[in-house]
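Number of protein chains: 2
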Amino acid sequence: MSSNNITISLDAMGGDDAPHMVIAGAELARKEFKNIKFIFAGNETEIKSRLSQYPKLESIADIIHTDDVVPSDMTAGHALRQGRQSSMRLAINAVSEGRAHAVVSAGNTGALMAMAKFVLKTLPGITRPAIATVFPTQVEDKGSVVLDLGANIECSARNLVEFAILGSVYARSVTGVKRPKVALLNVGSEDVKGHGFIRKASEMLTENLKDAEYMGFVEGTDLNTGVADVIVADGFTGNVALKTIEGTAKLVSSMLKNSIKSSPLAYVGYLFMMPAFKKLKRRSDPRLYNGGMFLGLRGLCVKSHGGTDEVGFANAIKVAYHLAEYKFNDNVAEVINTMSLDDMFIEEEA
Amino acid sequence: MSSNNITISLDAMGGDDAPHMVIAGAELARKEFKNIKFIFAGNETEIKSRLSQYPKLESIADIIHTDDVVPSDMTAGHALRQGRQSSMRLAINAVSEGRAHAVVSAGNTGALMAMAKFVLKTLPGITRPAIATVFPTQVEDKGSVVLDLGANIECSARNLVEFAILGSVYARSVTGVKRPKVALLNVGSEDVKGHGFIRKASEMLTENLKDAEYMGFVEGTDLNTGVADVIVADGFTGNVALKTIEGTAKLVSSMLKNSIKSSPLAYVGYLFMMPAFKKLKRRSDPRLYNGGMFLGLRGLCVKSHGGTDEVGFANAIKVAYHLAEYKFNDNVAEVINTMSLDDMFIEEEA
Numbered sequence: 001m002s003s004n005n006i007t008i009s010l011d012a013m014g015g016d017d018a019p020h021m022v023i024a025g026a027e028l029a030r031k032e033f034k035n036i037k038f039i040f041a042g043n044e045t046e047i048k049s050r051l052s053q054y055p056k057l058e059s060i061a062d063i064i065h066t067d068d069v070v071p072s073d074m075t076a077g078h079a080l081r082q083g084r085q086s087s088m089r090l091a092i093n094a095v096s097e098g099r100a101h102a103v104v105s106a107g108n109t110g111a112l113m114a115m116a117k118f119v120l121k122t123l124p125g126i127t128r129p130a131i132a133t134v135f136p137t138q139v140e141d142k143g144s145v146v147l148d149l150g151a152n153i154e155c156s157a158r159n160l161v162e163f164a165i166l167g168s169v170y171a172r173s174v175t176g177v178k179r180p181k182v183a184l185l186n187v188g189s190e191d192v193k194g195h196g197f198i199r200k201a202s203e204m205l206t207e208n209l210k211d212a213e214y215m216g217f218v219e220g221t222d223l224n225t226g227v228a229d230v231i232v233a234d235g236f237t238g239n240v241a242l243k244t245i246e247g248t249a250k251l252v253s254s255m256l257k258n259s260i261k262s263s264p265l266a267y268v269g270y271l272f273m274m275p276a277f278k279k280l281k282r283r284s285d286p287r288l289y290n291g292g293m294f295l296g297l298r299g300l301c302v303k304s305h306g307g308t309d310e311v312g313f314a315n316a317i318k319v320a321y322h323l324a325e326y327k328f329n330d331n332v333a334e335v336i337n338t339m340s341l342d343d344m345f346i347e348e349e350a
Numbered sequence: 001m002s003s004n005n006i007t008i009s010l011d012a013m014g015g016d017d018a019p020h021m022v023i024a025g026a027e028l029a030r031k032e033f034k035n036i037k038f039i040f041a042g043n044e045t046e047i048k049s050r051l052s053q054y055p056k057l058e059s060i061a062d063i064i065h066t067d068d069v070v071p072s073d074m075t076a077g078h079a080l081r082q083g084r085q086s087s088m089r090l091a092i093n094a095v096s097e098g099r100a101h102a103v104v105s106a107g108n109t110g111a112l113m114a115m116a117k118f119v120l121k122t123l124p125g126i127t128r129p130a131i132a133t134v135f136p137t138q139v140e141d142k143g144s145v146v147l148d149l150g151a152n153i154e155c156s157a158r159n160l161v162e163f164a165i166l167g168s169v170y171a172r173s174v175t176g177v178k179r180p181k182v183a184l185l186n187v188g189s190e191d192v193k194g195h196g197f198i199r200k201a202s203e204m205l206t207e208n209l210k211d212a213e214y215m216g217f218v219e220g221t222d223l224n225t226g227v228a229d230v231i232v233a234d235g236f237t238g239n240v241a242l243k244t245i246e247g248t249a250k251l252v253s254s255m256l257k258n259s260i261k262s263s264p265l266a267y268v269g270y271l272f273m274m275p276a277f278k279k280l281k282r283r284s285d286p287r288l289y290n291g292g293m294f295l296g297l298r299g300l301c302v303k304s305h306g307g308t309d310e311v312g313f314a315n316a317i318k319v320a321y322h323l324a325e326y327k328f329n330d331n332v333a334e335v336i337n338t339m340s341l342d343d344m345f346i347e348e349e350a
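Chains as they are written, first to last, in the working numbering: chain A, 1 to 350; chain B, 1 to 350.
Careful, some of the hints might be misleading.
Just a sample of chain B residues kept apart from chain A, beta carbon distances all over 10 angstroms, derived [as the list claims (entries may be wrong)]: (1) Asp62; (2) Lys243; (3) Arg283.
The calculated DSS-like cross-link candidates involving lysine-lysine, where the alpha carbons are at most 27 angstroms apart (straight line), are [unchecked claim]: (4) B:Lys200 / B:Lys181; (5) B:Lys37 / A:Lys250; (6) B:Lys279 / A:Lys261; (7) B:Lys250 / A:Lys278; (8) A:Lys257 / B:Lys142; (9) A:Lys250 / B:Lys34; (10) B:Lys278 / A:Lys281; (11) B:Lys250 / A:Lys257; (12) A:Lys193 / B:Lys200; (13) A:Lys250 / B:Lys200; (14) B:Lys261 / A:Lys261; (15) A:Lys193 / B:Lys279; (16) A:Lys257 / B:Lys193; (17) A:Lys261 / B:Lys257; (18) B:Lys261 / A:Lys278; (19) A:Lys193 / B:Lys250; (20) B:Lys257 / A:Lys278; (21) A:Lys278 / B:Lys278; (22) B:Lys257 / A:Lys257; (23) A:Lys257 / B:Lys200; (24) A:Lys261 / B:Lys193; (25) A:Lys281 / B:Lys281; (26) A:Lys56 / A:Lys37; (27) A:Lys279 / B:Lys142; (28) B:Lys279 / A:Lys250; (29) B:Lys56 / A:Lys250; (30) A:Lys121 / B:Lys117; (31) A:Lys250 / B:Lys181; (32) A:Lys142 / B:Lys261; (33) B:Lys279 / A:Lys257; (34) A:Lys142 / B:Lys250; (35) B:Lys278 / A:Lys261; (36) A:Lys257 / B:Lys278; (37) B:Lys193 / A:Lys181; (38) A:Lys278 / B:Lys181; (39) A:Lys250 / B:Lys281.
Simulated from the structure, these hints should not be mistaken for laboratory data. None of the values given here were measured: they were computed from a predicted structure. Ideal Cβ placement from N, Cα and C applies to all residues, glycine included.
Same shape as in the complex, but just chain A:
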């Protein structure tokens, strides 16, 4: 891979609508980024026949042929053992072999996490990778990076500190926030401020977080206020919060639809408001927030929603492209080097 190009390797067979949305998504990303290149891992015949529709994309694409695919219902353990020739695994291998800067897959999340961890390994100083994404907030054009969203069900104080570092480096290098505000997700009761590992992480962050401002605890209400640039949670809580946001957005939209249907007058009003609703829909389009980043690994890996279309998949590619463009991992390494995490957590390690 040349130093001026950014090569993204794609699991061409992962996702409900693969390989169609993978290839059409790559074409959308190609139009946006001049120096992008692709490696498609999957069935060569199928990929070639679809690529022939996009000659420009074809000219910047390599193919790694395989007939093997990780089924969406396969356990991570099985996928790890039996999927060594799968499109997912070969796409990840392209990163570990230095052929690609980042990998994107819309396949089985558990399998992708397990394979990426196994093949790419964690960055020096980082014990566990986290899944992160950018949540929309009430402040227009401002997002909050939230992690972990489900990679680690049980977490230690050290894990949370690592997530805080990963999140703040992301905010600084990719989003361009000079001194990101970092918070820990907690509950509101004044007396019992959450689990012990959260309180311990809070002490460590107060003393040790570099190039970022540790602001303490926030509650679930703050996930979408934009008050923090980075919000850190254990993977269980983060996953529930992510899904709760999805569910609530659906509830509000169903309530709104019912209100509109409730009277002809309201329907007339709705017609006037169509452009405004379209704008709202565009802003809250889940495809724009597609792309769960696996942070903390020696290679860059992004998970696309399995049910997304080419627009959503192109967004996941964009997320991977930016991580590579802003040299996310080099920046993490720089911070980790100055922090001596192993010394900070020497008791925990012992």
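Got chain A; can you put chain B on it based on the hints?
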């Protein structure tokens, strides 16, 4: 207290707008329930002067005088030791002394929980009380009881099983669902289905839940779909989910407002849609969902939001009234008697 009346004791001094909203809220509840009576704990002069505006309410009200109040920023421990003569404590005492069926307070949550636990004690077979409330769902007029919302940060499998019992008895006795569907809140990953205590609780519920249908795990997306009548979580996760719903509702509403402001045409449409929006606002009015129930104690206790007005406070009274009317605690005792929880969890206890 006569067998035909339901007496609610009120902490007249708790909440931002107390005692005004407490007394005005009681008046609203009086109009709704013919057999309701009240005990107001707080400053007698202030209460009497306000009660004089409502002669009918005055005629069904007793006052327990005290000048002492639990400040909103006092820790639970302090409140427990120093608040023995506070309006909150005397209102709770009225329940333990058999003078009232239930207590409602809009004061300091931590203090109320600590005092209620200390004074009222847990029901036989129940080791920990939980905070519960009814979440609105996409199914009109159908709510889901969700608990625990923050009383217990660390939970065991047994705690979750207890919460499932409390929630299902609530759904059956108060909401009138014959065979409530009960679920555990968990994460979606197929491989690692959440914490060990959740998996263990799931096994216990599969085998032992009476008069209810245990349906397994649901994710955060299902908190508002109405798929379950009862959703059980540890207090940390439940609290984060509750706050996340509040935050997301605010995000969507702020996005909607921005879209309306974005064009004059949209604003015209908005005018047509006013009645529909008003209906939506009514349905999603947080005051209607006011009233966090402390379930699992030998006396009924409801926490009102501290910042609510008389409409919200009246709703909290309504919640307490229904718990008393449908003899919630008697129904719990009946179920617990048939389940021998202590035998089920004999290993854990040992």
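Please name the hints from earlier in the document that this structure breaks, with their numbers sorted from lowest to highest. 2, 3, 5, 9, 13, 15, 16, 23, 24, 27, 29, 30, 37 and 38
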